[in-house]
Every structure is written in C-alpha cells, then in structure tokens.
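Which chain is which? The protein sequence lines are A and B, in order.
Using the numbering used here, read the first sequence as starting at 1 and increasing by one per residue.
Using the numbering used here, read the second sequence as starting at 1 and increasing by one per residue.
A couple of the hints might just be wrong.
[Unchecked claim] Chain A side only, calculated, beta carbon under 8 Å to chain B, not exhaustive:
(1) 76
(2) 98
(3) 187
(4) 195
[To be verified] Below 25 Å or equal to it, Euclidean Cα-Cα: the simulated PhoX-like pairs (lysine-lysine) are:
(5) A:13 x A:64
(6) A:242 x B:167
(7) B:167 x A:193
(8) A:238 x B:167
Please keep in mind that the hints were generated in silico from the structure rather than gathered at the bench.
Each residue gets a CB set at the ideal place from its N, CA and C atoms; glycine is no exception.
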Amino acid sequence: MHNIRIIARLDIKGDKVVKGINLEGIRKIGNPKEIALNYYTQGIDEIIYMDVVASLYERNTITKFIKDAASKIFVPLTVGGGIRSLNDIRNVLNNGADKVAINTAAIKNPNFIKEASNAIGSQSIVVSIEAKKHTNYWEAYYDNGREKSGLDVINWAQKAQELGAGELLITSVDKEGLEKGMDIDLLVAIRDKIKIPIIFSGGVGNIEHVNETAPYADAIAVASLFHYNKEKINEFKKKLIKKGIEVRI
Amino acid sequence: MSDIVILDYGYGNLFSIKSSLNELGISALCTKQFDKIINAKLIILPGVGSFYQAMKAVEKLHLDTAIKKALKKKSKILGICLGYQMLFEQSEEFGINKGLGLIKGKVISLNKINKSRNRIPNVGWRPILINKNNNILAESFNGKMVYFVHSFVPRATVEKEVSSFIKFGGTKIHSSIHTNNIVGFQFHPEKSGNVGLQILKDTIDYLI
Chain A
1 MHNIRIIARL
11 DIKGDKVVKG
21 INLEGIRKIG
31 NPKEIALNYY
41 TQGIDEIIYM
51 DVVASLYERN
61 TITKFIKDAA
71 SKIFVPLTVG
81 GGIRSLNDIR
91 NVLNNGADKV
101 AINTAAIKNP
111 NFIKEASNAI
121 GSQSIVVSIE
131 AKKHTNYWEA
141 YYDNGREKSG
151 LDVINWAQKA
161 QELGAGELLI
171 TSVDKEGLEK
181 GMDIDLLVAI
191 RDKIKIPIIF
201 SGGVGNIEHV
211 NETAPYADAI
221 AVASLFHYNK
231 EKINEFKKKL
241 IKKGIEVRI
Chain B
1 MSDIVILDYG
11 YGNLFSIKSS
21 LNELGISALC
31 TKQFDKIINA
41 KLIILPGVGS
51 FYQAMKAVEK
61 LHLDTAIKKA
71 LKKKSKILGI
81 CLGYQMLFEQ
91 SEEFGINKGL
101 GLIKGKVISL
111 NKINKSRNRI
121 PNVGWRPILI
131 NKNNNILAES
141 FNGKMVYFVH
151 SFVPRATVEK
161 EVSSFIKFGG
171 TKIHSSIHTN
181 NIVGFQFHPE
191 KSGNVGLQIL
201 KDTIDYLI
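Okay, chain A solo, but in the shape it has when bound:
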C-alpha cells in the first residue's frame, strides 16, 4: 500500500481561517498565511484553502493571500470555493496554487470538468463532493453543504472521473466538524468504484479516527485536530508510523 497524505484543510471566510460544524456555525481560528506556514513548518503534506462563502455570494476573496502563502510554502496547495470559469482557475494557479477544487460549478455544468481538465490538465482539477447520508445512499450537496443536487454521490464521483477529474475531495457533511470519526462506510462504498486518488474529509477528532480510515484512504484532510492544537503535525505523523500507517516524515 502507498503512504497516505495528511492534508490540512483551512476553511476561509473573508480574511480568516474558520471552522464550522457540518459546514455551518462558523468559529474564527486565525490568519490563513500564518496558519499555513506553521503547518508547513510542522511537516504537513499538502494544504487546502476552501473559501466557504465564495460560491454563495458569487465572489472571489481568496486569491490575495494565496500568493502570499504560496511564496513560502513548498508543498502542494489546493484552492476551492467560487471557482466557476477557466479564468478563475488560471487566476488561482498563476498566483501559486497547484490545484483547484470545484463543486458548485461542476454540479451546475458537469462539462466544466471536461473543459477544465482539457485546458489546464487533470492533475490540477480536483472535484469536491459534499456528501450527506440518506437512508440508503449519499446525496451530493453544493454551496458549502446548503443546497441539494439530487445526485447520488457514487454516480457523481464516477461521472467526475470520466469527465477528467484528477482527484476527488469527498467531505462527509454529516461528520464534518463533529470530531467523532469519519464516514468510513462512504469511503468504502466509493473507493473501489473510482481509480483516481480520493482525499477524504470530515470528522477527524483524534489519531484513532485517522488510524481506522487510513487503510481505505489515499489522503485524509484534517482541520480541528490541528487548528485547536490537539496535535502537532510532526509528532502526529510519528505516532501514525508507530501504528503502522505509512506517512511522510
């Protein structure tokens, strides 16, 4: 098995890193550049900036500090929230991001995934899927977990892959922010149906949650655990290695 990536997910509102519960009820954490730089120094494998209001208010706030952060952070940087045109993608990538995460714009126009991966290259196109569990399936949501799409998450993930996504970022809206563990059933249901890498997000509250998810994951996104200083990233990764999980240190 390959080693897994431990990714820090920084939800952004305005000029602050924030953290919500089920993608709502937002709490301020701090300065996006300082936090990203701190995580980089501590040995994070990758960073995701997710602008949680950009798609709602139809605006882009995030590019101004991508550049600032990207000039000092030498690990991959993914930016999501409000990406809705090839120009938006180019703007973000030219400012130092390596990948963009697209949700709302892809749901409204799935062909945008194809257009983007043809024009930019699929390695830079991450399709972000916000999943909410129903009795016997998961539904894809958009606008930061507020709007129903009617799409079945697994079908949508397969479609996104077909259209040229390079990676998927799958967030369990139900588990997000609760720190009570990840929706492993969702990951297990989806992983064998998909050939591209999956970044799994939502619910990590302690090392056991990463430990139990790791066998099924390519990458795990973590927020609260690092934001609230419950774990130092380098120490955390050393502990994972002791548990037999392969990560970079």
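With chain A held as given, fit chain B onto it using these hints.
Positioned in the frame of chain A, the structure of chain B alone reads:
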C-alpha cells in the same frame, strides 16, 4: 544577462519554481525571449498540462530552437514534470507526439505498467531510490520522499542517465535523470518541502 531563465510559455507553474529559487537565494528570470534564453547558463523548462499542447506552445515561440542553440553554446537545461517529459524523443499521450529529443527514450502511460492497480494519476509523496550507476544525485537522498502528480512517465533508453527511480504498479519507473548538461525531474522539487529544495540546490550547483 540572467544566469538562470525559467521558460514562460504558458504551461508551467512559474510562480512556485521562482519562489523556491528565491527561498534558496537564487535569482531567475521568467522569459520567452530568444536572446535571453540562448545566453543563459541554465534554462529551466517547467510544465503542467498536456504534452502535445505544451510542445506546440514551445514550437510556436521557437523555444525548441532556442534551447538547442543554447545547449550548443554550453548552456544547461533542467526540466520539471511535463518539462522533464518534453526532453525525450516522444510521448504517447493523446497519440504519438514528438518531444525535444534531447534525451533518448519515450514517455509512456502509467496505465500500461500498472500491474498492481495503483491509482492514476500517481499523486502523493513517494520515496526515491538513487541509481548507483548514475551517482550524480547524492546517495543521502535515497529513500527520501518527494511529491509526484502525473499519469505518464519517461522511460530512458540509457539506464545510466537515470538518477532516481520510484516503485510504481509493481515496477520501477524513472523519476529523474542527470547527465552532464541535462537534468529532469518527474516529481516537483519546488513542492517537496526541504528535501525538494535541497535537491534543487544541489542540482543547480552541479549544473552551473
């Protein structure tokens, strides 16, 4: 005249490469100007996206001619990611397309060699294995992890030119080459933390 130029042809993450060089205290100029390129000591060829489109852009700006002319004048060249793949004779991405032909070998699809059914694109941190028959990249990097994101990879004809391998899909693939005047990385040294920065620094010190 700048010693180091980064080719600006619309298909590379110039910002990240320039930032990583800044971090190392090395200055570089992003340019597509013919005279600046042929007089540079080191030409960095970045690249993300599709092989065919990137080669077309390079040819349209006559950068292929500039690179070859510069090499004759003893310039050195460093290709990163797609820029590494473009150093080779051809790629099979979207049909057979010609590369710069500076290094013998072909770029092949990871799907062809993926016996152990790894995920493709190959995304993430992988430990590199130093090729002792090449020995230009320091052995201290053996087992160190660097960041990859790719669906194709070059297969160099001359094994001695390969400076590092990684394991993929049950086989070993060529993750970098080092020759006297040409270096290429499939991984992103500019996105590989301190290890990547050190590899970049050592390589530039070696080349110029």
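field: Contradicted hints - numbers only
entry: 3
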